[in-house]
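First to last, the sequence lines map onto chains A and B. The first sequence begins at 1 in my numbering and counts up by one. The second sequence begins at 1 in my numbering and counts up by one.
No lab work stands behind these hints: they were computed from the structure. There could be a bad hint or two in this list.
Identical chains share a label here; the pair holds if one copy fits it or two copies do between them.
[To be verified] Straight line, CA to CA, 25 Å or less: simulated SDA-like cross-link-like pairs of lysine to any residue: (1) K303 / S52; (2) K303 / R315; (3) K107 / E88; (4) K189 / P154; (5) K298 / R15; (6) K189 / R27; (7) K58 / E73; (8) K298 / P199; (9) K298 / E196; (10) K377 / I172; (11) K193 / L294; (12) K215 / T67; (13) K215 / E84.
Protein chains: 2
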Amino acid sequence: MSFVSIPDNSHFSLRNIPFGIISTADRDPRPAVRIGDHVLDLKVFTASGGFSGLSSFKQTNVFEQSTLNKFAELGRPVHRAVREYIQEVLKANGKFSSILEENKELKSKALLSVDVVKTHLPLQIGDYTDFYAGRNHAYNCGCILRSPQNALQPNYYHIPVGYHGRASSVVISGTPIHRPYGQVLTNPKAEVKVPEFIPTRRLDYELEFAAFISKPNDLGHRIDVNSAEDYIFGYVLMNDWSARDVQAWEYVPLGPFTAKNFGTVVSPWVVLHDALVPFKAPTMERPPDVGDVLDYLKENDSKSGHDIDLEVEIRTKEGQVSVVSHSNTKFLLFSFPQMIAHHTVTGCNLQTGDLLGSGTISGESDAAFGSLLEITKGGSVDVKIGSSTRKFIEDGDVVTFRGVAKGDGEGLVGFGDVACPILPAIPYGKSNI
Amino acid sequence: MSFVSIPDNSHFSLRNIPFGIISTADRDPRPAVRIGDHVLDLKVFTASGGFSGLSSFKQTNVFEQSTLNKFAELGRPVHRAVREYIQEVLKANGKFSSILEENKELKSKALLSVDVVKTHLPLQIGDYTDFYAGRNHAYNCGCILRSPQNALQPNYYHIPVGYHGRASSVVISGTPIHRPYGQVLTNPKAEVKVPEFIPTRRLDYELEFAAFISKPNDLGHRIDVNSAEDYIFGYVLMNDWSARDVQAWEYVPLGPFTAKNFGTVVSPWVVLHDALVPFKAPTMERPPDVGDVLDYLKENDSKSGHDIDLEVEIRTKEGQVSVVSHSNTKFLLFSFPQMIAHHTVTGCNLQTGDLLGSGTISGESDAAFGSLLEITKGGSVDVKIGSSTRKFIEDGDVVTFRGVAKGDGEGLVGFGDVACPILPAIPYGKSNI
Ligand SMILES: [Ca+2]
Ligand SMILES: [Ca+2]
Ligand SMILES: [Mg+2]
Ligand SMILES: [Mg+2]
Ligand code: NI
Numbered sequence: 001m002s003f004v005s006i007p008d009n010s011h012f013s014l015r016n017i018p019f020g021i022i023s024t025a026d027r028d029p030r031p032a033v034r035i036g037d038h039v040l041d042l043k044v045f046t047a048s049g050g051f052s053g054l055s056s057f058k059q060t061n062v063f064e065q066s067t068l069n070k071f072a073e074l075g076r077p078v079h080r081a082v083r084e085y086i087q088e089v090l091k092a093n094g095k096f097s098s099i100l101e102e103n104k105e106l107k108s109k110a111l112l113s114v115d116v117v118k119t120h121l122p123l124q125i126g127d128y129t130d131f132y133a134g135r136n137h138a139y140n141c142g143c144i145l146r147s148p149q150n151a152l153q154p155n156y157y158h159i160p161v162g163y164h165g166r167a168s169s170v171v172i173s174g175t176p177i178h179r180p181y182g183q184v185l186t187n188p189k190a191e192v193k194v195p196e197f198i199p200t201r202r203l204d205y206e207l208e209f210a211a212f213i214s215k216p217n218d219l220g221h222r223i224d225v226n227s228a229e230d231y232i233f234g235y236v237l238m239n240d241w242s243a244r245d246v247q248a249w250e251y252v253p254l255g256p257f258t259a260k261n262f263g264t265v266v267s268p269w270v271v272l273h274d275a276l277v278p279f280k281a282p283t284m285e286r287p288p289d290v291g292d293v294l295d296y297l298k299e300n301d302s303k304s305g306h307d308i309d310l311e312v313e314i315r316t317k318e319g320q321v322s323v324v325s326h327s328n329t330k331f332l333l334f335s336f337p338q339m340i341a342h343h344t345v346t347g348c349n350l351q352t353g354d355l356l357g358s359g360t361i362s363g364e365s366d367a368a369f370g371s372l373l374e375i376t377k378g379g380s381v382d383v384k385i386g387s388s389t390r391k392f393i394e395d396g397d398v399v400t401f402r403g404v405a406k407g408d409g410e411g412l413v414g415f416g417d418v419a420c421p422i423l424p425a426i427p428y429g430k431s432n433i
Numbered sequence: 001m002s003f004v005s006i007p008d009n010s011h012f013s014l015r016n017i018p019f020g021i022i023s024t025a026d027r028d029p030r031p032a033v034r035i036g037d038h039v040l041d042l043k044v045f046t047a048s049g050g051f052s053g054l055s056s057f058k059q060t061n062v063f064e065q066s067t068l069n070k071f072a073e074l075g076r077p078v079h080r081a082v083r084e085y086i087q088e089v090l091k092a093n094g095k096f097s098s099i100l101e102e103n104k105e106l107k108s109k110a111l112l113s114v115d116v117v118k119t120h121l122p123l124q125i126g127d128y129t130d131f132y133a134g135r136n137h138a139y140n141c142g143c144i145l146r147s148p149q150n151a152l153q154p155n156y157y158h159i160p161v162g163y164h165g166r167a168s169s170v171v172i173s174g175t176p177i178h179r180p181y182g183q184v185l186t187n188p189k190a191e192v193k194v195p196e197f198i199p200t201r202r203l204d205y206e207l208e209f210a211a212f213i214s215k216p217n218d219l220g221h222r223i224d225v226n227s228a229e230d231y232i233f234g235y236v237l238m239n240d241w242s243a244r245d246v247q248a249w250e251y252v253p254l255g256p257f258t259a260k261n262f263g264t265v266v267s268p269w270v271v272l273h274d275a276l277v278p279f280k281a282p283t284m285e286r287p288p289d290v291g292d293v294l295d296y297l298k299e300n301d302s303k304s305g306h307d308i309d310l311e312v313e314i315r316t317k318e319g320q321v322s323v324v325s326h327s328n329t330k331f332l333l334f335s336f337p338q339m340i341a342h343h344t345v346t347g348c349n350l351q352t353g354d355l356l357g358s359g360t361i362s363g364e365s366d367a368a369f370g371s372l373l374e375i376t377k378g379g380s381v382d383v384k385i386g387s388s389t390r391k392f393i394e395d396g397d398v399v400t401f402r403g404v405a406k407g408d409g410e411g412l413v414g415f416g417d418v419a420c421p422i423l424p425a426i427p428y429g430k431s432n433i
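Let the sequences and hints guide you as you build the complete structure.
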């Protein structure tokens with residue numbers, strides 16, 4: 001139990017201790033951990049000797065940075081030691097109670113209410129890669145674009161399919177995104193195909209789970225799937241905003257581009273790999289007829305995925321609110337270690353701060369799908385949100401993701417909210433580009 | 001004329017003055033310009049008051065950095081002033097001859113033979129995007145994959161097609177790349193499609209032209225095509241190494257991934273946008289039946305492309321050498337300003353140091369194609385290299401690109417060599433990943 005009071009339903013129990021970057025009116029961005037409805041400012045904590053009880057941890061200057069990259073690159077043994085130490089420090093009457101609990105001055109300086117802090121992108125992202133490991137999502141999209149018989153491409157069960165995404169436009173929860181203009185083929189049946197330039201009519205979210213990379217690998221040198229967990233710093237939830245009509249026209253033959261590079265939103269608190277170990281679970285079962293994966297993707301760990309409940313809430317501009325989906329990370333066919341092994345298999349180098357998205361995570365029914373494209377069957381049926389209805393997202397709507405590992409009732413480990421508001425398009429004109 | 005002797009065939013005449021990053025045995029990486037077979041060390045030049053004749057240039061500390069990002073972000077008017085000033089300084093009996101020509105001590109410290117310097121990646125690259133604007137290449141690939149009738153997708157003449165590439169594996173000329181292992185569908189005709197894990201058998205280069213971004217734009221705010229040139233710092237040549245067999249199996253439906261993320265090689269000297277202005281030329285003509293581009297891609301400038309001769313030389317491991325292609329940047333359908341306008345059209349933010357590749361540039365005959373896939377008709381006919389033959393690149397081969405704007409005979413403006421050696425694959429094994 002912590003001396004910081006933690007609401008029962010908080011995602012940020014003493015078991016979690018996720019890391020993020022915060023600022024306040026008079027503090028520049030710096031690392032912090034979250035506990036209940038408070039954050040511990042690690043720059044202030046470090047400067048006041050907060051780590052004096054952890055003599056193995058010499059690199060405390062990583063908490064004077066404005067991103068977590070320097071901390072991430074110290075590697076998993078250090079992340080584990082620091083997290084476990086902070087848990088001890090935050091315990092009521094723990095062995096380090098003199099450090100913070102009994103140190104009124106430091107407590108008042110370092111322990112802040114979440115209400116007074118702003119969160120920032122937790123790591124500087126060199127490259128961002130988005131996978132497509134949500135089997136049900138891939139199948140549903142294949143049914144909409146093709147047919148149930150050949151919904152999944154022949155490579156799907158063999159390759160953790162992925163593509164390079166846009167790192168610069170990854171933003172933190174709460175960042176409003178303007179509805180994009182783009183090229184849309186408004187009349188797909190026309191003989192001569194001529195696009196129009198319009199604000200997207202099919203703005204959609206994608207419910208994803210994502211991992212930040214800690215250790216880099218050298219160019220030309222593969223990462224073994226069975227060591228790959230050690231390259232993961234931690235996890236966030238992610239909304240891969242997508243303009244479906246733009247995507248449909250542009251994606252052949254080189255994949256999505258402007259349809260997905262206008263904003264990708266992540267949750268502010270990075271839940272460390274170790275914090276999710278108690279919630280490890282098998283990835284999706286493979287159908288018997290597709291055979292096994294290639295050797296470089298074979299894992300010793302039978303629980304290389306996670307059991308984390310996910311939900312999608314939409315608040316309409318009219319003020320109606322509904323949770324439109326309940327999903328779970330167990331609906332991923334490939335694990336992050338498999339994605340990492342595949343990403344580096346031809347020799348690609350990963351770097352500290354790289355972000356890997358899982359792909360959209362859909363469960364097995366309409367009420368569990370991770371995108372509106374799937375829920376509304378390609379925009380052909382409505383989804384109810386209170387007394388409103390939607391086919392796709394409208395200006396003024398806010399999409400919120402939540403994710404939490406419930407486990408054994410010992411305290412929740414979750415991600416908080418990823419809030420994603422949509423603003424109207426910026427009108428196009430020669431003088432107002 | 002410069003007081004530095006410049007060979008007649010040098011790509012680095014006084015008209016060029018490209019910027020790069022160099023180091024020597026006892027100098028850490030720092031900015032330099034190239035002139036003939038020499039480089040001017042800008043860190044040393046700056047420290048000795050070399051810019052005392054250019055009072056408008058206050059930010060000389062940009063030349064104390066280990067990348068050109070800080071210089072690039074100063075914007076085009078500063079790049080122009082600094083380049084023109086350096087041209088004056090390097091002129092024989094110029095108005096600034098006291099700065100360097102007559103300053104023996106500084107000359108001996110700051111002007112180094114290229115033989116003693118090592119070049120480095122000129123900018124830190126946040127995101128790298130590869131376009132597909134070489135119309136002949138797109139057509140040739142379409143013929144190999146589909147048929148001449150529908151070689152180009154319906155979107156091709158409307159969209160500067162592109163995809164997000166991998167920034168971490170962009171490397172400098174000379175960097176050897178290991179032949180990648182990857183997933184290959186060795187028996188594409190089998191009823192049940194099962195890939196093998198093998199070293200690629202179809203290792204290919206792609207001859208590309210590329211631009212580095214100087215000024216950033218804000219997320220959500222488009223760049224006008226007619227202002228887009230001001231966002232370009234300068235240009236390099238680029239080899240987008242590609243494993244064709246891996247690509248064929250993986251690229252559906254989200255585009256190339258591991259087939260193109262194991263190494264992308266750029267030339268070391270960034271030729272500034274202004275240095276290529278005299279060589280501007282129209283982009284490829286559009287066939288009359290496809291109509292015009294959408295308004296946001298319409299340019300006032302009728303010469304938004306360039307006329308730069310390109311060549312590809314292969315040196316085989318047996319020691320045979322041939323130039324296998326002569327091409328030209330005029331075989332691009334879209335200009336870099338159009339690529340920039342399109343890249344940002346849905347609101348994507350570009351950042352200083354971002355790299356945009358043109359796509360493979362093929363001329364109109366086998367002897368002008370920019371990849372072996374095209375020259376060998378998908379690996380079905382041999383290309384002769386002296387007394388050797390190749391269908392694709394073998395271990396020990398070196399591919400070299402060259403590019404030069406010939407113009408009016410007043411001195412060449414070119415890129416030097418992009419040398420790309422290939423090493424054998426690193427064997428796969430549990431203990432030797
Ligand atoms: Ca996605
Ligand atoms: Ca390419
Ligand atoms: Mg990047
Ligand atoms: Mg990047
Ligand atoms: Ni090596």
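Right, here's what the structure says about each hint:
1. K303 / S52: Cα proximity of K303 and S52: none, with 36 Å in one copy and 65 Å across.
2. K303 / R315: Neither way: K303 and R315 sit 35 Å apart in one copy and 49 Å across, limit 25 Å.
3. K107 / E88: Close inside one copy (15 Å), not across copies (62 Å); limit 25 Å.
4. K189 / P154: The answer is between: 12 Å across copies meets 25 Å, while 28 Å in one copy does not.
5. K298 / R15: neither (30 Å within a copy, 57 Å between copies)
6. K189 / R27: Neither way: K189 and R27 sit 57 Å apart in one copy and 63 Å across, limit 25 Å.
7. K58 / E73: within (14 Å within a copy, 36 Å between copies)
8. K298 / P199: between (44 Å within a copy, 19 Å between copies)
9. K298 / E196: Between copies only: 14 Å across, 46 Å inside.
10. K377 / I172: Answer is neither: 29 Å inside a copy and 47 Å across each miss the 25 Å cutoff.
11. K193 / L294: So K193 and L294 pass the 25 Å test across copies only (13 Å; inside, 41 Å).
12. K215 / T67: So K215 and T67 pass the 25 Å test inside a copy (15 Å) and across (23 Å) alike.
13. K215 / E84: For K215 and E84, only the intra-copy Cα distance (20 Å) is at most 25 Å; the inter-copy one is 44 Å.
Checked against the numbered hints above, the structure breaks hints 1, 2, 5, 6 and 10 and satisfies the rest.
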